[in-house]
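Q: Keeping the supplied structure of chain A fixed, place chain B upon it in accordance with the hints.
Chain by chain, the residues run as shown.
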Amino acid sequence: AQSVTQLGSHVSVSEGALVLLRCNYSSSVPPYLFWYVQYPNQGLQLLLKYTTGATLVKGINGFEAEFKKSETSFHLTKPSAHMSDAAEYFCAVSPFDTGGFKTIFGAGTRLFVKA
Amino acid sequence: DAGITQSPRHKVTETGTPVTLRCHQTENHRYMYWYRQDPGHGLRLIHYSYGVKDTDKGEVSDGYSVSRSKTEDFLLTLESATSSQTSVYFCAISVTSGATDTQYFGPGTRLTVL
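These protein sequences, in sequence, are chains A and B.
Residue numbers for the first sequence follow this note's numbering, so the first one is 1 and each next one is one higher.
Residue numbers for the second sequence follow this note's numbering, so the first one is 1001 and each next one is one higher.
Next up, chain A with everything else stripped away, as it sits in the complex (with noise of 0.2 Å):
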């Protein structure tokens, strides 16, 4: 069975400081990760997919993260924050070759950022 665990309900930073969102996952197949962002009141939005080859993934407003299978993890970051990254963010994982319906989600990280 897989699982997500999202270390930390809730991340403050300050406005310039580095972002770190921790996202550690179980899974008995090669996983595929994902990184989704929710702006009060709206849906996820898609911030990065790890599927196969370059471990580092780059994704949308300045955000990466890097899958170490050796950790299990696929942490989330961010050289420096801004005001508007204020927002909650989810890890997911999908087993390989599965359809979305086996996608499993972390329970969210709260990010605040301070000025």
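Please keep in mind that the hints were generated in silico from the structure rather than gathered at the bench.
It is possible that some hints are incorrect.
To be verified - Simulated restraints on C-beta separations:
#, chain 1, residue 1, chain 2, residue 2, range
1, A, 83, B, 1059, 47 to 57 Å
2, A, 45, B, 1110, 41 to 51 Å
3, B, 1040, A, 61, 18 to 28 Å
4, B, 1056, A, 52, 25 to 35 Å
5, B, 1018, A, 30, 40 to 50 Å
6, B, 1054, A, 115, 48 to 58 Å
7, B, 1015, A, 82, 38 to 48 Å
8, A, 71, B, 1041, 20 to 30 Å
9, A, 52, B, 1069, 33 to 43 Å
10, B, 1041, A, 28, 19 to 29 Å
11, A, 61, B, 1069, 35 to 45 Å
12, B, 1097, A, 14, 15 to 25 Å
13, B, 1059, A, 8, 15 to 25 Å
As the list claims (entries may be wrong) - Simulated crosslink set (PhoX-like; lysine-lysine; CA at most 25 Å straight-line):
#, chain 1, residue 1, chain 2, residue 2
14, A, 68, A, 49
15, B, 1057, B, 1011
16, A, 102, B, 1070
17, B, 1011, A, 102
18, A, 102, B, 1053
Note that beta-carbon positions come from the ideal geometry of N, C-alpha and C, so glycine has one too.
A: Just chain B, lined up with the frame of chain A:
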């Protein structure tokens, strides 16, 4: 924008009443999903559809039914709403690229059951 709309966007209803939420897509995607979002639980799959009249249960399907009579519409029905079904409901479609299915979400429906 994956061309997904949901209606209504907000609804308040009373315990025991039936409720139907609608998801409409404009791009002819085969797979459609209904999720509920609750604090501390992320998104949990209620039902999904893999074609017209083809549906299956997800993780939290009890108390919900779905129907898909046209490719573009996927309906979620609460037969007799309960307070535990107060939640935000999201519809999604998935797009296949290579071996990956990536999901795209609608704007959500906030349902309150009093």
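Q: Kindly confirm whether 25 to 35 Å is satisfied by the beta carbon distance between residue 1056/B and residue 52/A.
A: About 27 Å separates the Cβ atoms of residue 1056/B and residue 52/A, which means 25 to 35 Å holds.
Q: Within 40 to 50 Å: is that where the Cβ-Cβ distance between residue 1018/B and residue 30/A falls?
A: holds (43 Å)
Q: Below or equal to 25 Å on CA atoms is what counts here, so check residue 102/A against residue 1053/B.
A: The given pair, whose Cα atoms are some 20 Å apart, holds under the 25 Å limit.
Q: Mind checking the hinted window 33 to 43 Å against the Cβ distance between residue 52/A and residue 1069/B?
A: 37 Å Cβ-Cβ, so the 33 to 43 Å window holds.
Q: Looking only at beta-carbon atoms, does the pair residue 1040/B, residue 61/A fall within the given range of 18 to 28 Å?
A: holds (26 Å)
Q: Is the Cα-Cα distance between residue 1057/B and residue 1011/B 25 Å or less?
A: holds (24 Å)
Q: Verify the CB-CB distance for residue 45/A and residue 1110/B against the hinted window 41 to 51 Å.
A: violated (18 Å)
Q: Is the hinted pair residue 1011/B and residue 102/A satisfied, with a Cα-Cα distance of at most 25 Å?
A: violated (29 Å)
Q: Hey, residue 68/A versus residue 49/A, does the alpha-carbon distance stay inside 25 Å?
A: The hint holds at about 14 Å.
Q: Taking the CB of residue 1059/B and the CB of residue 8/A, does the distance hold inside 15 to 25 Å?
A: At 24 Å between Cβs, range holds.
Q: Taking the beta carbons of residue 1097/B and residue 14/A, is their distance inside 15 to 25 Å?
A: violated (37 Å)
Q: Hint says 35 to 45 Å; check whether the CB-CB distance for residue 61/A and residue 1069/B agrees.
A: holds (38 Å)
Comparing the model with each numbered hint stated earlier shows that hints 1, 2, 12, 17 do not hold.
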